[in-house]
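Undergrad: Input sequences plus hints: build the corresponding full structure.
Protein chains in written order, with this note's numbering: chain V, 1 to 322; chain U, 1001 to 1294.
No wet-lab data here; the hints were simulated from the structure.
Even for Gly, the Cβ is constructed at its ideal location relative to N, Cα and C.
Just a few of them, taken from the derived set where beta-carbon distance is under 7 Å, the chain U residues facing chain V:
no., residue
1, Asn1176
2, Tyr1177
3, Gly1180
4, Ala1183
5, Leu1184
6, Gly1185
7, Ala1186
8, Gln1190
9, Val1195
10, Pro1198
11, Gly1199
Think about it this way: if two alpha-carbon atoms lie no more than 20 Å apart in a straight line, the pair counts; the simulated SDA-like pairs of lysine to any residue are:
no., chain 1, residue 1, chain 2, residue 2
12, U, Lys1175, V, Val128
13, U, Lys1175, V, Leu118
14, V, Lys213, U, Pro1198
15, U, Lys1175, V, Met170
16, V, Lys213, U, Arg1194
17, U, Lys1175, V, Asn125
18, U, Lys1175, V, Tyr85
19, U, Lys1175, V, Ile152
20, U, Lys1175, V, Gly221
21, V, Lys164, U, Asn1176
22, U, Lys1175, V, Ala248
23, V, Lys164, U, Lys1175
24, V, Lys164, U, Glu1179
25, V, Lys213, U, Arg1286
26, U, Lys1175, V, Arg123
27, V, Lys156, U, Ile1192
28, U, Lys1259, U, Ser1048
29, V, Lys79, V, Lys89
30, V, Lys156, U, Arg1194
31, V, Lys197, V, Leu212
32, U, Lys1175, V, Asp126
33, V, Lys156, U, Arg1188
34, U, Lys1175, V, Ser247
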Amino acid sequence: MPVSSLMTQPPASTKPQSEPPQVEMPARKRPLASVASAGVGASSSGSQYPVIEAIKRGETPEPRRHESVMGVPAILEVKDFQLWYGQNKALHGISMPIAEGKITSIIGPSGCGKSTLLRSVNRLNDLVDGVRTAGSISLRGEDVYARGVDVISLRKRLGMVFQKPNPFPMSIFENVVYALRISGERNKAVLEQACEKALRQAALWDEVKDRLKGSAMGLSGGQQQRLCIARAIVCEPQVLLLDEPCSALDPIATLRIEELILEIGQRYTVLIVTHNMQQAARVSDYTAFMYLGRLVEYGRTADIFQLPRLRETEDYVTGRFG
Amino acid sequence: MSQSFAEIRRRTFSSIMFGLCAGGAALIISILLLVIGYLLWIGVSSLSWEFLTAVPTGDVANPGGMRHAIDGTIILVALASAVGVPIGVLAGIYLSEYPTEYAVTGPLRFIADVLTGVPSIVVGILGYELVVVPVSRWTESSISYSGYAGAAALAFIMIPIVARTTEEMLRLVPKNYREGSLALGATRAQTIFRVVLPGAFGGVATGIMLAMGRIAGETAPLLFTALGSRLLTHNPAEPFPSLTLQIYTYATGPYPEQKRLAWAGILVLLAMLFVVNLSIRLIAARHARTRVGA
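TA: Structure follows, in structure tokens:
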């Protein structure tokens, strides 16, 4: 049975472009490795990837959203979200829930719009000239793109960590409590307590507790990134947005950040963009695969990596495509 | 054979070019040394404690000192900076941080660049027409030359320099610092004053010091505004002395003792500029160690 289902797979995946629930059955096929190797020879023809082909033609095929992810309580709800940079459309009708209290990763080749989507959540794209959006992104039911939304207070509810560590040119202490300072907190005891708590959660306290007044510029790259995480969680954000947080770090620092993400994921909802598939597999509960501004497949990380419903996803996560 | 000929030609050409470059550098350095040496030769012999502490006596054989002019220059530069630095820095922030249409910032930047290059005598006449004459009319007094008018002219020179250097320095602060701050819910103003400006502090301070050095050495803008004075005054509402004006008066006058004072004045002015430049270097070096992104 497994082998025959494998043979009929390509036509099966072309047909149900509009009806994702229908594909439940092919997902029961056998483990990936053998399937993938069977497809190697044919993959160069291109006909193996009907969804990608359709996207390249400019279409927006209905993504395969697994039932397992559609039912979860969502803290963020992206609905038919579109974004243009001037004339260029960067995001095409993205719809996906982000599970509350879980770690969700977004993967995809460079330029697929994953960072753009992340930066749309806290409206950081507003800073770019000529950005237009349509559709909605709701944080706890409130559309962040609704008229009259206070972007400043929205951003205070979200934490963000960037690709390159970007500690501010001030002391370690002032970096961590920056978000409190700009909200007008002056009480020294409150600031110190918040600083210690955030640094402990970011697994940095023991390394810097004796030099909190020292410049943050003196820390190593990995320490700087953990400092940025501490800075992002000091106000206990509802969602923590991580934009390829390890791409500028060495492997050991990367490992430490990944451990930290897993730990922080116990307390916060985390949305992480990564170009590193292993990282997505290691840290996240749910994974979304994007391509050229479209959501392609979205499900539990284990399913995306071991039982993907599309050959495209399967070949992407195994490094054969993209 | 032809290869070795080419080789010889290449080497000869290289030596000639090296010689020309080295010669140019040597020429510049020797001219500089000549000027400084001559200055020291004449200036130091005229420099005395009296020069720094006494005021002009009116006696051409024993003309006294330049205390009034030294004080005058310091006060003029301080007054001009008090006006020019805030306006210049704020204008620089506007040019760099507020993304308005190019239709606004483009011409603004162009005007700032043109203003930087305006001959200082023009600024002097502008100060005369726009400050001295109207104030005279308003107070119905005789021509009201004043330290304020001089400081205004100097500030006018200072503003475009400070604005453009501030803009350039702020642009060097990486974009991800601004994004990091905004993503934490900071307003644009909080981002600028808490993150961007401190990040560019060394560069901005250097620009300010450079502008201060430039205006401390200006004479032309003061000729029709501060006018100069032989009295020790700390009241900028009166005609006001400055080192450059006093040097000009003495150096172009007929009395040898006053000419000697002019040389000493030049030495003091250069020493002041040297101190300013040295502090710029120190700030820049400190800045290089703590700069963002470094």
